[in-house]
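**Q** Throw the hints in and build the complete structure from the sequences for me.
There are 2 protein chains.
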Amino acid sequence: MGNKKNALPIALDAMGGDKAPAAIVVGAIRAVRAGIDVLLVGDADLIRPLFPKGVDIPILHTIQAVGMGESPAAAVRAKKEASVRLAARCVADGRASAVVSFGNTGALMAACLMELGRIDGIERPAVLSTLPRSDGGQLVILDLGANVDCKASQLGQFAVMGDVFARCVLQIKKPRVGLLSNGKEDAKGNEQVRGALPVLAKMPVNFIGQVEPNDALNGGCEVVVCDGFVGNVMLKSVEAAIAVAGHVLKEEILGRLDAKLGARLLRGAFRRYRARTSASGVGGAYLVGVKGTVLVGHGAADPTAVLSAIKRAHSAAKEGLSGRIGEAITAAAAGVMADDT
Amino acid sequence: MGNKKNALPIALDAMGGDKAPAAIVVGAIRAVRAGIDVLLVGDADLIRPLFPKGVDIPILHTIQAVGMGESPAAAVRAKKEASVRLAARCVADGRASAVVSFGNTGALMAACLMELGRIDGIERPAVLSTLPRSDGGQLVILDLGANVDCKASQLGQFAVMGDVFARCVLQIKKPRVGLLSNGKEDAKGNEQVRGALPVLAKMPVNFIGQVEPNDALNGGCEVVVCDGFVGNVMLKSVEAAIAVAGHVLKEEILGRLDAKLGARLLRGAFRRYRARTSASGVGGAYLVGVKGTVLVGHGAADPTAVLSAIKRAHSAAKEGLSGRIGEAITAAAAGVMADDT
Chain S
0 MGNKKNALPI
10 ALDAMGGDKA
20 PAAIVVGAIR
30 AVRAGIDVLL
40 VGDADLIRPL
50 FPKGVDIPIL
60 HTIQAVGMGE
70 SPAAAVRAKK
80 EASVRLAARC
90 VADGRASAVV
100 SFGNTGALMA
110 ACLMELGRID
120 GIERPAVLST
130 LPRSDGGQLV
140 ILDLGANVDC
150 KASQLGQFAV
160 MGDVFARCVL
170 QIKKPRVGLL
180 SNGKEDAKGN
190 EQVRGALPVL
200 AKMPVNFIGQ
210 VEPNDALNGG
220 CEVVVCDGFV
230 GNVMLKSVEA
240 AIAVAGHVLK
250 EEILGRLDAK
260 LGARLLRGAF
270 RRYRARTSAS
280 GVGGAYLVGV
290 KGTVLVGHGA
300 ADPTAVLSAI
310 KRAHSAAKEG
320 LSGRIGEAIT
330 AAAAGVMADD
340 T
Chain D
0 MGNKKNALPI
10 ALDAMGGDKA
20 PAAIVVGAIR
30 AVRAGIDVLL
40 VGDADLIRPL
50 FPKGVDIPIL
60 HTIQAVGMGE
70 SPAAAVRAKK
80 EASVRLAARC
90 VADGRASAVV
100 SFGNTGALMA
110 ACLMELGRID
120 GIERPAVLST
130 LPRSDGGQLV
140 ILDLGANVDC
150 KASQLGQFAV
160 MGDVFARCVL
170 QIKKPRVGLL
180 SNGKEDAKGN
190 EQVRGALPVL
200 AKMPVNFIGQ
210 VEPNDALNGG
220 CEVVVCDGFV
230 GNVMLKSVEA
240 AIAVAGHVLK
250 EEILGRLDAK
260 LGARLLRGAF
270 RRYRARTSAS
280 GVGGAYLVGV
290 KGTVLVGHGA
300 ADPTAVLSAI
310 KRAHSAAKEG
320 LSGRIGEAIT
330 AAAAGVMADD
340 T
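Respectively, the protein sequence lines represent chains S and D.
The first sequence runs 0 to 340 under numbering that gives the first Met the number 0.
The second sequence runs 0 to 340 under numbering that gives the first Met the number 0.
Since the hints were derived computationally from the structure, they do not count as laboratory data.
Accuracy of the hints is not assured; some may be wrong.
In this list, chains with the same sequence are indistinguishable; a pair is considered to hold if it fits within one copy or across any two.
[Unchecked claim] Here are the simulated SDA-like cross-link-like pairs (lysine to any residue), alpha carbons at most 20 Å apart as the crow flies: (1) LYS201 x ARG32; (2) LYS317 x ALA299; (3) LYS150 x ASN189; (4) LYS249 x GLY261; (5) LYS150 x GLY194; (6) LYS150 x GLY298; (7) LYS52 x ALA33; (8) LYS310 x ASP36; (9) LYS249 x VAL54; (10) LYS183 x GLU238; (11) LYS150 x ALA21; (12) LYS183 x GLU69; (13) LYS150 x GLU238; (14) LYS172 x GLU318; (15) LYS150 x GLY68; (16) LYS173 x GLY68; (17) LYS249 x GLY136; (18) LYS290 x ALA91; (19) LYS249 x ARG32; (20) LYS183 x ASP17; (21) LYS183 x ALA200; (22) LYS310 x ARG94; (23) LYS249 x ARG273; (24) LYS290 x LEU7.
Predicted model, so just to flag it, every value in this text is computed and none were measured.
**A** And the structure:
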């Protein structure tokens with residue numbers, strides 16, 4: 000696949016998300032202008048009228064989609080031509096380099112399991128994303144919600160996948176991998192953490208043991224592993240706290256200033272702050288552990304978030320994320336330290 | 000006890016904490032000046048020289064203290080006159096209205112269990128604190144680390160304790176109590192959460208079901224209940240994210256402004272921001288479920304944090320927090336809705 004893969008478009012589920020298809024199509028147009036090929040998957044009769052004059056993006060037409068009220072997994076199983084499933088199939092068929100959807104996460108997960116399948120040696124796919132660190136770096140965190148109760152073996156696989164992501168997408172030479180916990184000392188951690196520690200210690204990654212959320216966010220490691228329940232709590236806590244912090248600081252700064260002057264001085268600062276710290280800034284999370292690059296966008300995505308998500312999917316596909324995870328998991332099973340290159 | 004209790008001093012472990020006894024004594028002096036009586040418990044030979052001219056705070060002298068390298072529980076058991084244990088005993092003996100320590104949390108917990116004992120019907124004490132909400136309110140959260148793996152019955156008791164705290168210390172009429180989870184829908188939650196839902200639904204509190212961290216921080220409830228592992232992750236995530244947010248915003252604001260103007264603009268704003276959102280602003284967490292008001296201060300507490308902690312302990316003791324928790328737990332066991340007054 001090598002070079003050819005880079006030329007493949009990103010398959011974009013045009014029908015998923017609160018603002019679909021309009022926000023998705025506008026985001027896709029921006030991506031194409033930024034030099035990334037996109038294949039829109041969805042109802043051509045709804046999509047094409049959204050193209051401005053002179054714009055023509057390929058459409059893979061289907062009228063099936065997963066509705067808001069439906070059980071996601073059941074809907075995906077029943078609707079073989081649902082846009083999200085068809086988009087995943089494009090990756091399986093070699094017609095697209097990655098799939099991006101802003102629809103229901105469960106539906107995307109089901110579609111990817113059906114159309115792409117799990118990587119050998121991975122028990123369950125995981126949701127992976129990055130959080131802003133105080134030192135300007137990014138913290139890779141997984142799982143963020145796909146698996147609420149995890150076995151030690153799954154956490155070990157998450158460690159390998161997070162390590163591969165940090166090395167090949169973020170270009171970090173030897174990422175430090177930590178297990179999320181309530182303290183660093185031996186006596187800390189809950190039953191799950193204490194059970195997982197020896198398993199992670201045997202993984203071919205640079206495992207540094209238990210890490211606390213504050214240490215991780217302050218640059219103590221590059222990858223943090225946890226079950227999907229705890230990871231989801233951490234992700235949403237960080238996102239909410241960043242929003243709370245923004246509110247409070249704005250109040251404190253503007254409270255003692257002439258309102259007009261304050262507004263002028265701060266214009267742009269809060270926008271750039273949100274871009275650096277918000278979900279729409281990073282665009283969405285990866286679903287890792289399936290055979291293909293998959294990006295789970297936020298349902299509320301606006302065109303900016305859609306563009307960011309497409310860029311994220313593109314960079315991971317370019318680095319061959321999914322294939323390299325497969326190699327690392329095979330190497331881990333064989334007890335070999337993953338290649339640093 | 001009624002009125003007399005209000006006149007009792009706060010027993011302050013002068014020997015616990017990274018900056019003890021100096022920071023503790025300076026904080027105590029500020030508290031006395033603010034009208035709160037304090038009883039310093041520790042080595043008089045180290046404490047008294049720290050008093051400025053004209054200041055004299057009562058000291059309960061002891062040369063025993065829990066050292067940094069010791070096993071906290073074992074040290075407290077062995078040292079009957081350790082400052083933290085003696086301070087807790089003052090509450091048991093009716094010589095103090097509350098105990099405050101900035102030393103090891105495990106040591107304080109052990110001291111309180113030995114000297115004060117658990118409230119009848121409480122399986123395990125919990126650590127409770129508040130987080131800033133985006134709407135300006137406070138979110139009560141427990142447990143924050145005392146119990147990493149919790150049974151449903153314990154989470155039920157936490158709900159009752161959090162409810163009492165919100166009503167009697169924060170003066171909230173009918174606090175909404177949520178169970179921390181990764182989503183609101185029935186299918187969400189991990190095994191522990193799903194097991195606890197029916198137990199919490201039967202508690203005599205205004206239980207609203209599962210809540211996500213972002214909803215809770217945005218004003219969706221007043222009390223959030225979780226096990227100590229998850230609570231600790233949420234607390235540290237919020238604290239770290241608020242710090243990260245501060246860094247990023249400062250960079251963004253100062254990056255495009257004349258430095259002098261920027262400094263003038265921001266003077267005070269970040270200080271007030273930290274006061275509203277940081278641990279030293281709130282002063283510490285409560286240990287609830289023991290027979291007495293107990294405040295667990297941060298080890299790194301400076302005099303400002305010490306003063307805040309003393310104030311927090313004072314306000315909870317004034318409201319008879321521990322006694323009212325006892326009444327509510329008894330009422331819950333009897334299936335009676337707690338009194339709103």
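**Q** Need the list of violated hint numbers for this structure, in ascending order.
**A** Structure breaks hints 1, 2, 6, 9, 11, 13, 15, 16 and 19.
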